[in-house]
Amino acid sequence: MDTYILGLAVHPSSAWIVDKRLEEMVFDTAKAALESARISRQELDHVTIATCDELDGRSISSMLLSAPAGAYLKDEIKTTDSGLTGLCLEALRIESGRFHLGLLSSWNKSSKAPFEDVMRMRCEPFYTRDVGLNASIADGFFAQGIERAYGIGETDVNSAVTARYAQASKNERGMRAAVPSAEAFAASPYVSVPLREIQKAPITDGGVSMVFCSGKWLNDHPDQRPLARLSGLAWLIENYQLGQERLSKLRGFKETVRRAVAMSGLQDLSQLDLIELDSQTGFHDVAYRRALNPPITCQVSPSGGPFAQNPYFCTGLVHAAEAVLQVSGRAGAVQVKGAKRAAAHGCYGFAQQGNAIAIFEGV
Amino acid sequence: MPNHRVAVIGVGETVFKTKIDDKTYVELAQDAAKSALDDAGLTPADIDAIVFSMAPTQFMGVNDVDKWAVDSVWASGKPFMRVHTGGATGGSALHAGYAHIASGMYRTVLVVGADRVTETRDAQHILNLIWDPFYEQDFALNTVTMTALSTQRYMHKYGTTEEQYARVVVRSRKNALKNPYAHLKGNITVEDVMNSPRMSWPYKLFDICPRSAGAAALVLANQEVTKERCSRPAFINGIGGTTSTVFMGDRVGPYADAELSDEAEFVSAGTAAYADAAITNPIKQIQVVELYDPFSSVQFPQLESLGFCKRGEAQNLSDEGAFDIGALLSVNPSGGTLCSNPIGVTGLVRVADAALQVMGKAGEGQVAGVQNALATAIGGSVQFVNCTILGADYV
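Heads up: the sequence lines are chains G and D, in that order. FYI, the numbering for the first sequence is 0 to 362, going by numbering that gives the first Met the number 0. FYI, the numbering for the second sequence is 0 to 394, going by numbering that gives the first Met the number 0.
What the hints contain is simulated information worked out from the structure, not anything from laboratory work. Take every hint as true, because none was put in to throw you off.
Label-pair ranges, simulated between beta-carbon atoms:
(1) D:Leu327 <-> G:Pro11: 51 to 59 Å
(2) G:Lys30 <-> D:Gly248: 19 to 27 Å
(3) D:Pro253 <-> G:Lys30: 21 to 29 Å
Values in this document were obtained by computation on a predicted structure and should not be read as measured data. Glycine included, each C-beta is placed from N, C-alpha and C at the ideal position.
Based on the provided sequences and hints, a complete structural model is requested.
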């Protein structure tokens, strides 16, 4: 691929950002990304936005937010699946040859959204809505499915959660929450059997902006040095219905990984230095690692993944930012020594209906 | 120029009407998808990726309704994304699909969507909620009152009369008689429009589009597949889009970058699309336009901003019949948005109807000798606009 990341910014994470309106969060992040890339907004030839009306609380949220996201008088398109799907659209626009310098922004002020109500309203009205399905219950179904499929026990899950919190505690861009004690795991209530509250990554507020450019643009601007090259990209979706096959086979995840790795010219994930996984629960974390053949041997979620910060809609794009920081040697306290190739994973839809993977290389 | 050329090789539309009670949302989307695939001579297995076109899901009452439709449009196991830029969604979705093919990553893409605007009792209540909750929602702004304000400004600037807008409605309803999918159609008179109930000055009921249910789909392909499968495709030769500020007050007065009543965002969007498509004299080179016109007043400023005539001239050309089918420029031979408005796919329907003209498949509404057609879409507070140029030949 001939797409490069020129700069990025991650909004400081918080459980509840109270001192800024959403527009201010978006503006601050977009501005910081442009400054990171040392370009002005006027130079952009397009903008891509990834956001969710329902979580933003407006029927067309980009009406108010496109300008803070840098899109005023620019060619802008919005996708609504996830932050990492926004990266996919942005990369397509650059790869099309029609655009050469773009700004991608995604955000989620989760604290202002009735999260589970929004999720419940994602149910179609004939079968699943009256059952009361929401994100937690879908995750519980998923946990049941992969528990059987991969022989996952509570000890495995709690170990995974502990490991992620331990990594997250070092990440200055995350919440740096304390690692839970054994007593805390035991005392945590079930939200949807077998899933306990403590095994879920807490949802936070946050936002990400990234500046992308084409190889042609780089050739025309020899003074600019990119942070990373996007070398592989894949995204795909699975069935809407939560059948046993869909919940336990992880077909979408595995196929997305296969396609992204192949596009990067690699054999498997072992050739990566790290992958940032979108593990919304400890069950996901264990299942993702066991699902692949060969299993993941590179470092998993050195940032702490969603247990570091989890602005739900754009968590996958946070992972992309973390991966780019890793391959450019800027990941700070969570830097993986000598990291040259890193992958970012993001999910969307009930029980990971959609998966996206982006692979970055240092330049 | 794109890295890989892109063409429309299949078009599918459903009938548009107030309610389609014998189909679910996802079945509607499937009907359009199947029609487009049949038109292209492809099966679902031939499609590499899907772009879903859907605007606010509040109309439907199912958040992220596109995910429900995944199985129905045969997207499972494939790349899939939803695009949403308000009323401009269909045009933006088409541009996203174009990027899929132009990137060289995919050979075929299905761009599909559906809407059921009447699932909500009051679409204009939903459209009030698009506005800022602190300042604007309480002013009873919705898409009718919003565009009525800009129309008043346009009338003040150019002396346009209500009768001139009424003639646009008469032409559109007449054109729609030849479109089997159109929601509103018929031979009506200027008097009929003038006598319809007042809604928001200068609008009467007939100046305003219907709330429609329906679906549309397009199959896009790269050069290789196009050559194999389609003898008369519509090549996507130009795209352009511009996003403006939500604040209408910032778009009036001497310091405005793009004048609200002129829909001046179309100047930059059109310039970009024309540059792609080597269009230097639109009125000479383009034979058909399918404009996004949910209100009778939306055509004139678009035509002027897109360079078909000078500012303030469109109303007189309209009166003279210059925009009738087969005249100087065939404007909305399908009947346009004034006759069918399934909001989440309306922009896609504009592209579909323009593509049908280029492909010679527009039936009774076919305009003779179409080499280039232009489709537009508008969303938000007339702040998201986009243009697509379709041609009989690659540029």
